[in-house]
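As you go down the protein sequences, you meet chains H and F in turn. At position 93 of the first sequence the residue is numbered 384 (our numbering), and the sequence of numbers has no breaks. At position 98 of the second sequence the residue is numbered 121 (our numbering), and the sequence of numbers has no breaks.
Do not take every clue at face value.
Unchecked claim - Keeping only pairs whose Cα atoms sit at most 16 angstroms apart, straight-line, the calculated EDC-like set for lysine to aspartate or glutamate is:
1. 357(H) x 379(H)
2. 305(H) x 378(H)
3. 332(H) x 87(F)
4. 332(H) x 31(F)
5. 311(H) x 356(H)
6. 124(F) x 350(H)
7. 305(H) x 379(H)
8. 355(H) x 379(H)
Unchecked claim - Sample of chain F residues facing chain H (criterion: CB under 8 angstroms; computed from the structure):
9. 30
10. 34
11. 63
12. 64
13. 92
14. 128
15. 130
Said to hold, decoys possible - Here are some of the chain F residues that sit facing chain H, going by a computed Cβ distance under 8 angstroms:
16. 57
17. 65
18. 67
19. 69
20. 72
21. 73
22. 84
23. 86
24. 109
25. 124
26. 125
Please keep in mind that the hints were generated in silico from the structure rather than gathered at the bench. Even for Gly, the Cβ is constructed at its ideal location relative to N, Cα and C.
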Amino acid sequence: GAVVSQHPSRVICKSGTSVKIECRSLDFQATTMFWYRQFPKQSLMLMATSNEGSKATYEQGVEKDKFLINHASLTLSTLTVTSAHPEDSSFYICSARPGQGYGYTFGSGTRLTVV
Amino acid sequence: AQSVTQLDSHVSVSEGTPVLLRCNYSSSYSPSLFWYVQHPNKGLQLLLKYTSAATLVKGINGFEAEFKKSETSFHLTKPSAHMSDAAEYFCVVSFNFGNEKLTFGTGTRLTIIP
Chain H
292 GAVVSQHPSR VICKSGTSVK IECRSLDFQA TTMFWYRQFP KQSLMLMATS
342 NEGSKATYEQ GVEKDKFLIN HASLTLSTLT VTSAHPEDSS FYICSARPGQ
392 GYGYTFGSGT RLTVV
Chain F
24 AQSVTQLDSH VSVSEGTPVL LRCNYSSSYS PSLFWYVQHP NKGLQLLLKY
74 TSAATLVKGI NGFEAEFKKS ETSFHLTKPS AHMSDAAEYF CVVSFNFGNE
124 KLTFGTGTRL TIIP
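Produce the complete structure using the sequences and hints provided.
What follows is the structure in structure tokens.
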């Protein structure tokens, strides 16, 4: 079945530094990938839609310059949290699907802690 | 616009008894509907999906859901709960075409009582 691999699973960084999270589709090509953020005991909120070869589409209220998204190939999208602050600490999850009619496959998530 | 409402934030059932997790949706167009399960600090696993084929959808681990257009519902059921079913469950809606954006329900935490 479709597999999405997300790394790292857990990262701790200092305030002011940047962190990159990778999302890979292992056995299918994904022209579109999605990045979500999940606060404790809450649902997933879509942050942005990553489009291969073009700019990402950000949801209202999401800072483009803070959450940089790059989708350079059909199997890889990256989310970089720039100048991280403690309030950026959260669980970040990516997803993609092989095509219409398929379910969406989610990565295992990245727990980001900014200290 | 599309939205999804999970009517119960928390459901507790005894092991071996039926499970019912309720979900109602709103969509201007023909929707795709999904149920996902999330165990603590894990990603989401697809349980089942409805994409305009059979209205009764069978998923993994004995779960199933029925799409009822007249009631705009997509409730998740399982005849007999198992301890391993304890997790967070999300009902999700998307359009069948065009924008693939997913809209998540607020989640239902399922607790299984031994």
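task: Grab the minimum C-beta distance from residue 73(F) to chain H and call the hint holds if it beats 8 angstroms, violated otherwise.
output: Result: violated, 10 angstroms to nearest chain H Cβ.
field: Restraint outcome when residue 72(F) is required to lie within 8 angstroms of chain H by C-beta distance
entry: It holds, given that the least Cβ distance between residue 72(F) and chain H is near 5 angstroms, below 8 angstroms.
message: Hinted pair, alpha-carbon criterion (16 angstroms max): residue 355(H), residue 379(H). Please report holds or violated.
response: 14 angstroms, holds
query: Given residue 67(F) was flagged as interface, is its beta-carbon under 8 angstroms from a beta-carbon of chain H?
result: 4 angstroms, holds
query: Hint check: is the beta carbon of residue 64(F) less than 8 angstroms from a beta carbon of chain H?
result: With a minimum Cβ separation of about 7 angstroms from chain H (threshold 8 angstroms), the hint on residue 64(F) holds.
message: Min Cβ distance, residue 34(F) to chain H: is it shorter than 8 angstroms?
response: 15 angstroms, violated
message: Min Cβ distance, residue 65(F) to chain H: is it shorter than 8 angstroms?
response: 6 angstroms, holds
query: CA of residue 305(H) to CA of residue 378(H), is that 16 angstroms or under?
result: Answer holds: residue 305(H) to residue 378(H) is near 12 angstroms, not above 16 angstroms.
- prompt: Given residue 30(F) as an interface hint, is the shortest Cβ-Cβ distance to chain H below 8 angstroms?
  reply: 14 angstroms, violated
message: So, as I understand it, the hint says residue 109(F) touches chain H; can you test that by seeing if any CB pair is closer than 8 angstroms?
response: Nearest chain H Cβ about 15 angstroms off; hint violated.
Per-residue hint verdict: residue 92(F), partner chain H, C-beta under 8 angstroms: 19 angstroms, violated
message: Please verify whether residue 332(H) and residue 87(F) have alpha carbons no more than 16 angstroms apart.
response: 25 angstroms, violated
Violated hints, in rising order: 3, 9, 10, 11, 13, 21, 22, 23 and 24; the structure is consistent with all others.
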